[in-house]
Amino acid sequence: MTVDDRFSQDIRETRTDLPLGTRNEIITGPVSDWATNFSHLEPEWAADPYPIQDDLRQRCPIAHTDRFGGGWLPTRYEDVAAIAYDTERFSSRSIIMSNFRPPLEVAPVGGTPPISSDPPFHHDARKLLLPAFTKAAVAKREAATRALCHTLIDAFEDQPVVDAARDYAQYIPMRVIADMLGFPPQDGPRFREFIENALEGVNLPPEERIARMGKLFDYLLAQIRDHLDHPREDLTTYLINAELYGHKLDPSHVAGTMALLLIAGIDTTWSAIGASLWHLAKTPHDRERLVAEPELLPTAMEEFLRAYAPVTMARLVKEDMHWNGVEMKADDWILLSFPAANRDPQQFDRADEVVIDRQVNRHAAFGLGIHRCVGSHLARMELRVALDVWLERIPDFSLADPAAVTWAAGQVRGPRTLPLRIGIG
Amino acid sequence: MNVRIESQRCHGHGRCYDLAPGLFAEDDEGYGQVIADGVVPPGKEQTARLTMANCPERAIDISEEARDDR
Ligand code: HEM
Ligand code: HEM
Ligand code: SF4
Chain A
1 MTVDDRFSQD IRETRTDLPL GTRNEIITGP VSDWATNFSH LEPEWAADPY
51 PIQDDLRQRC PIAHTDRFGG GWLPTRYEDV AAIAYDTERF SSRSIIMSNF
101 RPPLEVAPVG GTPPISSDPP FHHDARKLLL PAFTKAAVAK REAATRALCH
151 TLIDAFEDQP VVDAARDYAQ YIPMRVIADM LGFPPQDGPR FREFIENALE
201 GVNLPPEERI ARMGKLFDYL LAQIRDHLDH PREDLTTYLI NAELYGHKLD
251 PSHVAGTMAL LLIAGIDTTW SAIGASLWHL AKTPHDRERL VAEPELLPTA
301 MEEFLRAYAP VTMARLVKED MHWNGVEMKA DDWILLSFPA ANRDPQQFDR
351 ADEVVIDRQV NRHAAFGLGI HRCVGSHLAR MELRVALDVW LERIPDFSLA
401 DPAAVTWAAG QVRGPRTLPL RIGIG
Chain B
1001 MNVRIESQRC HGHGRCYDLA PGLFAEDDEG YGQVIADGVV PPGKEQTARL
1051 TMANCPERAI DISEEARDDR
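Protein chains in written order, with this note's numbering: chain A, 1 to 425; chain B, 1001 to 1070.
Hints in this document: simulated from the structure, not taken from any laboratory.
Ideal Cβ placement from N, Cα and C applies to all residues, glycine included.
Accuracy of the hints is not assured; some may be wrong.
Claimed, not checked - With a straight-line cut-off of 20 Å between C-alpha atoms, the simulated EDC-like cross-links for lysine to aspartate or glutamate are:
| hint | chain 1 | residue 1 | chain 2 | residue 2 |
| --- | --- | --- | --- | --- |
| 1 | A | K140 | B | E1029 |
| 2 | A | K127 | B | E1026 |
| 3 | A | K127 | B | E1065 |
| 4 | A | K135 | B | E1065 |
| 5 | A | K135 | B | D1018 |
| 6 | A | K140 | B | D1037 |
| 7 | A | K140 | B | D1028 |
| 8 | A | K135 | B | E1045 |
| 9 | A | K140 | B | E1026 |
| 10 | A | K135 | B | E1064 |
| 11 | A | K248 | A | D48 |
Stated by the list, open to error - Per label pair, the in silico range of CB-to-CB distance:
| hint | chain 1 | residue 1 | chain 2 | residue 2 | range |
| --- | --- | --- | --- | --- | --- |
| 12 | A | A403 | B | I1062 | 43 to 53 Å |
| 13 | B | A1036 | A | A403 | 35 to 45 Å |
| 14 | B | I1062 | A | N37 | 42 to 52 Å |
Chain B with its partners taken away, still in its complex shape:
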């Protein structure tokens, strides 16, 4: 599973880095950023879905492919 922030939509509410500090961080202006390559570690899928469901701007996308090729 992969997470991505659509930066055009993100307005820095920070729900993502509040709920999943291991997956997201804030930049110098408070906008959300995906940590590293956005691959969700095993066992964190539910947390990732929760951030998506709590982002007020609907700026978080999740893709389910496993990306085994990486």
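Just chain A, same shape as in the assembly:
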């Protein structure tokens, strides 16, 4: 048997042949007009993006900014869907709107397949992951997830106020994905730093981002090597052994997909659980109703996903074009706001209200088209179990200090500090 030497050199060195891409000046500071100068990284957006989006949808449904080297923000469901479906004209080679655009040559694979991939490669990279994330496959993790939720609540003991984002919501996806990838469970908190960099550090100087990104890849490489020495029944071993087109995967594909699962799996679900608890804490009527009628959880959960959709994606325009009334230039960003689409009154009745028994809810929180969230069944399981256990154990809770709630800025939005006053039985 030959030794697998794909992972003996630094993965980052395998990427040095790539051209450098485009950087532009970092612009921060208050937004003068959201229609012409938007930025999803300003505190106003993090605190409450919905009034901004609602205003834009009426006044300027495809807003523009010169920040990030130029980009567009569609806020109508119809436009968001059209762009998600049009992989011919909009590329996924970077899905985080920042001041750095990877060069065209990285397509169709991109840094973190399959989210960064375009057709035709995308389909094959995605297919590798699908069987591990079906509803039936993730159901096997439900019992362990439920037990974890109970342990987290046990640890509250008799504190009157707990931070539901930091001490509850956060740990659930962290632990689940660490188990799936076969990482030591105690490493969970270290992932925090990696994710913050990828998703929230977008306006930091590139040198700093590169250095931080390096730490993530050093960590992943150490895990990969450990799995080469000690193969296990987990996703890391699966990816190391997986084949595409008759070859094992490139080292950068293996590490990139692991990075993606870590980044995409944690912040997102953490945000969804946190936002749901935040809503229930500030809306006693919905909380009491859900406690009294637990059979409403499936519709309530979909409604929280619609109204507080945590994930916004990005695309890059491939070529100059006239698109729905605006002049898009090659390499312009599209900030693809599934949250804004989910609140379009053309698509949803009472779009700005949270209706926990909404029957018809064709929301796009998990995206639309070929990039539909691979982890959606896992995320739904985690969200359902997290809310179910919380409501059973802590039926009575409220915001301890509304002003102390903080929200993540950037493309994954959810509460990061959420002090709740709890009446634990």
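Let chain A serve as the given structure and place chain B with the ligands on it in line with the hints.
Showing chain B with the ligands alone in chain A's frame:
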């Protein structure tokens, strides 16, 4: 009443098999599949319509003919 999934449009959101496990199931990759011949049992028409209205990809079609000839 009959249900059908346009497989070209289906991206495996799974709303159909969440809402109507008696009518739909997932395949090995999470894509939706119609169970058996897609004939909606009497009394399940409303559930069938609900799946159609909740499929994010609009991949579910319903035809109303009774198909008595089968
Ligand atoms: C509530 C939680 C989550 C939300 C709202 C969410 C949302 C999304 C969205 C909107 C996309 C589409 C990206 C695009 O169009 O560019 C996506 C893709 C993806 N998500 Fe999630 N996600 C969640 C949880 C997860 C989890 C738990 C995992 C896995 C552990 C995961 C893994 C992925 C992957 C691998 C993709 C890329 C799929 C592809 O490009 O084919 N996500 N997610
Ligand atoms: C020499 C190697 C690498 C360099 C120089 C590099 C550089 C960067 C930079 C500069 C950014 C931030 C863009 C900005 O400035 O705003 C970034 C983001 C990112 N990189 Fe890397 N990177 C490298 C390797 C990798 C590898 C190997 C992966 C995955 C396997 C990866 C995954 C990501 C992800 C997930 C992000 C954030 C999401 C995104 O912007 O699409 N990087 N990288
Ligand atoms: S709800 Fe629609 S997209 Fe989802 S599995 Fe069913 S048919 Fe496919």
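Each hint tested on the structure:
no., hint, verdict
1, A:K140 / B:E1029, "holds, 16 Å"
2, A:K127 / B:E1026, "holds, 15 Å"
3, A:K127 / B:E1065, "violated, 36 Å"
4, A:K135 / B:E1065, "violated, 32 Å"
5, A:K135 / B:D1018, "holds, 9 Å"
6, A:K140 / B:D1037, "violated, 29 Å"
7, A:K140 / B:D1028, "holds, 15 Å"
8, A:K135 / B:E1045, "violated, 24 Å"
9, A:K140 / B:E1026, "holds, 15 Å"
10, A:K135 / B:E1064, "violated, 30 Å"
11, A:K248 / A:D48, "violated, 45 Å"
12, A:A403 / B:I1062: 43 to 53 Å, "holds, 49 Å"
13, B:A1036 / A:A403: 35 to 45 Å, "violated, 56 Å"
14, B:I1062 / A:N37: 42 to 52 Å, "holds, 46 Å"
Hint violations for this structure: numbers 3, 4, 6, 8, 10, 11 and 13, all remaining hints satisfied.
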